[in-house]
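So the protein lines, in turn, are chains A and B. Count the first sequence with the numbering used here and you get residues 1 to 78, in order. Count the second sequence with the numbering used here and you get residues 1001 to 1466, in order.
Check before you lean on any hint, since a few could be wrong.
[What the hints assert, rightly or not] The list that follows gives simulated cross-link-like pairs (lysine-lysine, DSS-like), each with its CA atoms no further than 30 angstroms apart: (1) B:K1262 - B:K1414; (2) B:K1203 - A:K72; (3) A:K72 - A:K6; (4) A:K23 - B:K1208; (5) A:K6 - B:K1416; (6) B:K1215 - A:K68; (7) B:K1414 - B:K1203.
I should point out that these hints are in silico values taken from the structure, not numbers from a laboratory.
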Amino acid sequence: MTNLEKYSRAFAESFGISEGEAKTAKYQEVANWDSVGHMTLMAALEAAFDIMLDTEDIIDFGSFEKGKEILKKYDVEI
Amino acid sequence: MMWKFEDFAENTAFIAEDGGKTNYAELAREGEQLAAAAGGRCLAFVLCRNEKGSALGYASFINHGIVPLLLNADIDREMLDALLENYRPDYLWLPSDMADRFGDCGNVYAAWGYSLLKTRHARAFALNDDLALLLTTSGSTGSPKFVRQSYNNIRANTASIVRYLELDEAERPITTLPMSYTYGLSIINSHLWAGASIILTQKTLIGKEFWQQFKDYEATSFGGVPYTFEMLDRLRFFRMELPSLRTMTQAGGKLSPELHKKFAEYAKDTGRRFVVMYGSAEATARMSYLPYEKSLEKYGSMGIAIPGGEFSLIDADGKEIAASETVGELVYKGANVTLGYAERGDDLQKGDERGGVLVTGDMAKRDGDGYYYIVGRKKRFLKIFGNRINLDEAERLVKTACGCECACAGVDDKMKVYVTDAALVRYLRKFIAEKTGLHFSAFEVKVIGAIPKNDSGKTLYSALDD
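So that you can see chain B by itself, here it is in the shape it has in the complex (with noise of 0.2 angstroms):
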């Protein structure tokens, strides 16, 4: 059992937007029946929403062993189907809305909004015993690449996130990220490990109800990546009246050091907490925070490793670096590194491949006192509003799809395509857009003569225009 329901039967586990309550009693006793319609270890999808069924779904899987592979129920249903087939899994657990789009799947139970389609596969692949859940590694391109986590993982990373932001029973965050996604899915397994109680909600914080909800539930903390804080910010977040909030968290992405600096002023301005962190998929999901107090004093950085974790800086031949202020590649150690990938459904059954070492692909720098800096990326990937979007995975799409040259390059939250087709401008925007399931305004397709190419072909990006 990852979570102990038991412990907390009285306490309020989930809030709907509706106010409904269900308590940690009710999560315990619920999940036991899905789990027993679920009938034994096995895998199975399921569809996302921040409701209650997609969230006691998961918890219930994960408590009796079934292995959840967690995607947002707004997945491309071209995208969707190729991991059906990938993966072959026993059920999709996912909004009975959704269910009759699975003609071939039966219906074995249904609760809350909610049913379990039984596929035609039965365990079509073997399942590792460490192996707990598959998610991705950004909800985008199409990747059917997954993190394999293990119970062990996810153990390790809640106790350590719990720990150091001195969660209790009294918090009530309230949903912010898809829990599809992984910072998403770290505050619910946070959540549920300290008592507290979960206001879920599929409204964004552009929206009046969110702030209603916010306000009649009264949310004690919300998550954010970088655009969330941007969007706050233009909606003179400082100036709203929410006597419950007590934290905000803040990933997904280096956010401006302006930005940090401003919501660590307001934070400290007016007894709250600013907390910034830093993670991945490939880490559970935690592996760094700047603890609120240093917040404003080391506004930028990224702060130091997790309870339990390590950080240290590699050279370009791996030799560790001593010495502070000089940049190298980040290095993770803890028991929050994940298994491995998987691209297949034969990769199921793979153990433990990383040995709890990460080597991050981000360039950082310490400071005398200890602190990280995120200085770049070795890997080429962007993170637009939150997601990871590899640059590579996105070349290969658009050559998939139109047959012709293509490079990707940008920065966060702007990445450009460049072609040589100017045909396919007003196509391409909309096809990455909406294979990503993102929105378009982050892509830009720019039509060039022809794409830059050293002597042995691999694509020059220095030498593209910006």
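Next comes chain A alone, as it looks inside the complex (with noise of 0.2 angstroms):
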């Protein structure tokens, strides 16, 4: 699997969307994207990439785009 299909899967079955929907979510414009489903997809992400992700950045990832941005500095390229 490549990262981004690793990547879209985790916000896909953290929000209950399909794959091509979580190229465009955003933080509380999907349905499950509260912040129960936000720790559930970085608990995800850290899973899926073998990070920890640091506050900062937790608090910041906002969208499917930014999300991108963040995981680059944990030498994460999707």
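Given two chains presented individually in distinct reference frames, assemble the corresponding complex, making use of the accompanying hints.
Shown next as structure tokens:
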């Protein structure tokens, strides 16, 4: 699986949406991207890429696109 | 009058997300205008967000004898329609961006991004003189059941909270819970009583904006349900720089003893207060608190009764248990025990049905020093992210929607729905999440061959696999 696939799948499974829908997902605009969904997504990404996200990055992680930038800091290229 | 806003005229009452301030004199004056537009005692649904319009509308209605029924503005439309039909309120007070969804209502007043809509009903049901407020027991499962709170209930509980939390005008809590939820509302009630400044935000603590507001407006306290503290732990809260923070309160379910200890240690090390509490909408809001000085020594405990309240434990025969370390059902006595429930409009004329005594349905024990510990529940309900979900109601909801057999069980933050039809799994998980407004990760739908029953046809929950 490519990183993009892993990344999209984490969104799809955390919010109950399709991988296509994941690409435009933004915090609080997707029904299940609430605080619980957010922490679910963070845990899924940490597991998928074997990283530990900093607080600043967790609270800054507001969209599919923003997340890609953040993961670069952890040497994860999506 | 519940609150004496004129006593704090120059103090700031609300700080909005954009930094806009409302002082107590404005709160009193603008509240009078709204109440005048509604024109006297009647029933009003308030669709709440943590915004000035909701908070001001609520406070104004209470202060002017208009009975608010509080709902989260995110409520499922079908559920809202059923409630509107059931209670036939005279008015809806809601965010103006929702007003056009109610085309058959006339817009009679608007301010601060909120609108007062007149329905076609005019005092459809008689209101008991003592009735102040209607609050959901959980905000979930579409239950049409509301707790009837009196003016005395709110006054007694609010004064008690102000006393044991030692609240004064220097406090600046930031909202972390919906105001239609009893615990979130008690924070608003008590801080308006103390003349403090409430930071109103719709942002949640997993967003950058929330923490920016926290810092910019120098929040001194916040409240959270167990899940809030789990998130904070994961957010490595203990490493955050929050110089203004003085107090954290916790309620809405039992925090794990480990996390209780962790936050108590953090509070002790940093000179802050961590106060674990226990309560329910049936007791207006709060029944117990663990004094912050005891937070570490007695971690895992929900503390002692609030000032003016009293606990006892009863055995299966209803006899009081005198011995310590003995589990019994927790009973609370106090002026904040609410009048009773309403399930339909006709119930709004009912008076006090509880006489100041609440049999909680929670099983507890008391240690030798008089501190209480919740050990389980007698009633079938779970707390999901702080929201009470009645398992029997959830079963009825599923049965009505799918016409199938179903059994609901599980533990806090993880409900299991047992069904016999595999085709329902995906649909049901989404359905329950939508109806309760809670994230679907809390719900697991399991397929079993048959729902286990005893001879009299009752579901055998102990026979469900785990």
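- Task: Against the earlier hints, flag every one the structure doesn't satisfy and list their numbers going up.
- Result: none
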